[in-house]
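Enquirer: One line per chain: the protein sequences are A and B, in this order. Residue 29 in this note's numbering sits at position 29 of the first sequence; the count goes up by one each step and never skips. For this note's numbering, count along the second sequence from 1 and bump the result up by 295.
Please note that the accuracy of each hint is not assured.
Said to hold, decoys possible - With a Cα cut of at most 25 Å, we get these calculated DMTMM-like pairs of lysine to aspartate or glutamate:
(1) K300(B) to E192(A)
(2) K346(B) to E192(A)
(3) K455(B) to E292(A)
(4) K102(A) to E463(B)
Stated by the list, open to error - Take a look, some chain A residues computed to stay more than 10 Å from chain B by CB distance:
(5) F24
(6) L61
(7) G64
(8) G67
(9) L77
(10) I129
(11) V132
(12) D155
(13) F174
(14) L183
(15) A193
(16) G198
(17) E233
(18) K257
Just so you know, these hints were derived from the structure itself, not from any lab. Yeah, the Cβ is synthetic: ideal placement off N, Cα and C, and Gly gets one too.
Chain residues, written in single-letter form:
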Amino acid sequence: MSSSKTSIQSRYSYWMIVPAGLLFLLFFLIPSVIGIGFSFTDWNVNRMTEIHFNGLENFRLLLGNVGFNKALTNTLLFTFVTSILKATLGLALALIMNTSIKSKNYLRTIFFMPVILSTIVIGLIFTAILQVDGPLNSFLHLIGLGAFAKNWLGDPVFAIWACIGVEVWKYSGFCMVIFLAGLQTIPKEFYEASSIDGASGFQTLKKITIPLIMPSITINIVMNIIGGLKIFELVYILTNGGPGFSSQVLNGVVFNKFAGGTWGLGSAANLIMTIFVGVISLSTMKFLKKREVEM
Amino acid sequence: MKSSKRIGNITREILALGLSLIILLPLMIMFLGSFKTSAEADLMSLELPAKWMFSNYLVVIEKGKILRGLLNSLFVASTATTINIVICAMCAFILARVNNKMTKILFSLFMLGLFMPPFLIALIYIFKMLQINGTYLALIIYYVVGSIPMSMFIFMGFIKTIPKEIDEAAFVEGASSHQIFFVAILPLLKPVTVTAVLLTTITIWNDFTGPLYLLSNSKYWTLPLAVYNFFGLYSRDWNLVFADLILTMIPIVILYFVLQKNIVEGMTSGAVKG
Chain A
1 MSSSKTSIQS RYSYWMIVPA GLLFLLFFLI PSVIGIGFSF TDWNVNRMTE IHFNGLENFR
61 LLLGNVGFNK ALTNTLLFTF VTSILKATLG LALALIMNTS IKSKNYLRTI FFMPVILSTI
121 VIGLIFTAIL QVDGPLNSFL HLIGLGAFAK NWLGDPVFAI WACIGVEVWK YSGFCMVIFL
181 AGLQTIPKEF YEASSIDGAS GFQTLKKITI PLIMPSITIN IVMNIIGGLK IFELVYILTN
241 GGPGFSSQVL NGVVFNKFAG GTWGLGSAAN LIMTIFVGVI SLSTMKFLKK REVEM
Chain B
296 MKSSKRIGNI TREILALGLS LIILLPLMIM FLGSFKTSAE ADLMSLELPA KWMFSNYLVV
356 IEKGKILRGL LNSLFVASTA TTINIVICAM CAFILARVNN KMTKILFSLF MLGLFMPPFL
416 IALIYIFKML QINGTYLALI IYYVVGSIPM SMFIFMGFIK TIPKEIDEAA FVEGASSHQI
476 FFVAILPLLK PVTVTAVLLT TITIWNDFTG PLYLLSNSKY WTLPLAVYNF FGLYSRDWNL
536 VFADLILTMI PIVILYFVLQ KNIVEGMTSG AVKG
């Protein structure tokens with residue numbers, strides 16, 4: 001009876017929404033609105049009571065600043081490269097794991113472990129490993145690739161790439177697990193039919209596997225993009241945006257402005273970052289979801 | 296099995312095992328280094344220490360304020376996780392069962408939090424106005440709210456699979472909706488609650504950004520910040536830094552080995568359901 005359905009709906013007491021809703025409103029939604037508002041002011045910690053609206057001045061200052069633009073391009077570079085590398089490596093590992101190999105449990109344990117370790121631990125381990133005279137460079141010399149032994153954390157050209165490498169090291173296992181779950185939804189008959197038809201491994205991959213794991217691809221890519229655009233801790237610990245600002249990222253600029261007391265600028269930088277995250281992740285998600293195939 | 300298939304399998308296995316070394320080697324260097332002397336550790340080799348210096352760990356526990364950091368992390372993580380799970384399970388129940396404009400809007404707002412970064416500077420302003428900036432309370436609130444979107448998402452997805460008939464039958468008996476939730480629904484939520492608890496706890500435990508922005512007083516520092524500070528003071532002594540890192544890793548690694556299946560499935564199922 002339709003009338004009983006609506007009357008049941010109205011018998012749920014809304015108070016159970018209140019704690020979560022209220023906290024979220026007070027400590028996430030309202031700060032967001034206030035933050036957006038402060039983006040257009042000259043809010044400075046030294047003059048907390050004299051706040052003036054200055055329109056788009058903060059944005060002009062940021063976007064005209066060499067350091068900020070470097071952070072912007074670094075963030076986009078970081079996001080693009082890590083998203084693709086993490087997903088590709090994750091897929092490669094998942095494809096290997098999906099075959100009948102014996103050490104599956106061991107491998108899954110090892111590859112996923114960096115995901116649960118804290119960024120501070122991983123950042124400091126690699127601060128050690130990536131030293132100029134550290135184990136990575138020693139290893140490169142050992143196998144004759146000495147030319148590739150750079151000052152990873154101290155060279156303005158390579159610093160951001162060091163961060164990219166560590167991020168890929170940490171999270172490829174996460175993508176692998178998601179892809180494994182996706183691969184396991186493909187019935188074995190598809191592969192059998194494909195090999196009967198004489199398709200090569202690569203053709204099978206392209207025409208069967210990838211279209212069928214499109215949802216996993218979407219999830220991984222979108223999550224990688226969101227994580228990449230918001231990256232902060234890893235860069236802060238490895239290079240602190242240095243040398244100079246050669247490896248700085250958007251979220252790092254926000255922290256610097258905060259620490260420096262220029263809170264209006266910090267809020268503006270935060271707003272710019274939020275816009276990038278929103279626009280890029282949502283449009284990517286829309287684009288990828290369109291390509292998902294019905295089984 | 297055809298021999299060519301067998302060779303393929305073995306090659307793949309060797310390749311995968313080789314790749315796993317890329318993960319293992321840095322961790323081994325750290326582990327071994329934590330038992331070496333400062334000079335030995337500097338070499339960052341895979342050689343065993345000449346003498347296993349367990350004393351490194353004692354130095355770190357004393358100088359690295361590990362105990363304080365551990366207690367702070369335990370307090371903050373357990374409090375924030377408990378509050379988060381309780382309020383999200385309750386709210387998710389209503390959002391999953393009631394389908395009107397308001398709940399739809401509320402859900403969308405919660406999901407915003409999944410990708411939108413928090414405006415920390417403005418949040419600190421609010422904490423200052425409430426005069427709780429720099430306190431445990433501020434950090435706990437930050438963590439509770441930060442984990443709401445994911446927990447809400449996980450609980451809602453699961454509750455939707457619980458048949459509405461249970462609710463309807465209970466309503467007929469004259470039960471109120473919170474009676475239904477606490478008596479009938481809550482016991483059924485055990486598996487997904489484990490997932491949400493693990494995910495939230497691990498995220499909070501490992502977090503470095505919150506304390507960095509919010510805690511100026513070092514006595515409140517959670518483990519990540521204590522570790523970073525220790526590194527600042529002892530960066531010349533990699534053996535001590537490594538011991539510090541191992542100590543802070545132990546709780547999570549133990550949790551990981553005991554509950555690996557839950558953790559892996561939990562962290563990824565939250566993503567997959569999207």
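Enquirer: Against each hint, give a clear statement of whether it holds in the structure.
Expert: Hints versus structure:
A C-alpha spacing of about 14 Å is found between K300(B) and E192(A), which places the hinted pair at or below 25 Å, so the restraint holds. Restraint check: the Cα-Cα separation between K346(B) and E192(A) comes to about 57 Å, which exceeds 25 Å; the hinted pair is violated. With a CA separation close to 24 Å, the supplied pair K455(B) and E292(A) stays within the 25 Å bound. For the hint pairing K102(A) with E463(B), the CA-to-CA distance comes to about 49 Å; that exceeds 25 Å, so the pair is violated.
Its closest Cβ contact with chain B, about 5 Å, brings F24(A) to no more than 10 Å, contrary to its assignment away from the interface. A cut-off of 10 Å between C-beta atoms confirms that L61(A) is not in contact with chain B; the least separation is 16 Å. For G64(A), the shortest C-beta to C-beta distance to chain B comes to about 21 Å, beyond the 10 Å cut-off, and the non-interface label holds. With a minimum CB-CB distance of about 18 Å to chain B, G67(A) clears the 10 Å threshold, and the non-interface call stands.
With a cut of 10 Å on Cβ distances, L77(A) stays outside the contact zone with chain B, its closest approach being about 19 Å. With a least CB separation of 5 Å from chain B, I129(A) falls inside the 10 Å interface cut-off, contrary to its annotation. The Cβ of V132(A) lies farther than 10 Å from every Cβ of chain B, with a closest approach of about 12 Å, so its non-interface assignment holds. No Cβ of chain B comes within 10 Å of the Cβ of D155(A); the nearest lies about 19 Å off, and the non-interface call holds.
Not every C-beta of chain B lies more than 10 Å from that of F174(A), the closest at about 7 Å, which undercuts listing it as non-interface. Non-interface status of L183(A) relative to chain B is upheld: no Cβ of that chain comes within 10 Å, the nearest being about 12 Å off. For A193(A), the condition that its CB be more than 10 Å from all CB atoms of chain B holds, with the nearest at approximately 17 Å. Against the 10 Å criterion, G198(A) stays outside the reach of chain B, whose nearest CB is about 15 Å from its own CB.
Some Cβ of chain B comes within 10 Å of the Cβ of E233(A); the nearest lies about 5 Å off, and the non-interface call is violated. For K257(A), the requirement that its beta carbon stay farther than 10 Å from each beta carbon of chain B is not met, with the minimum near 8 Å.
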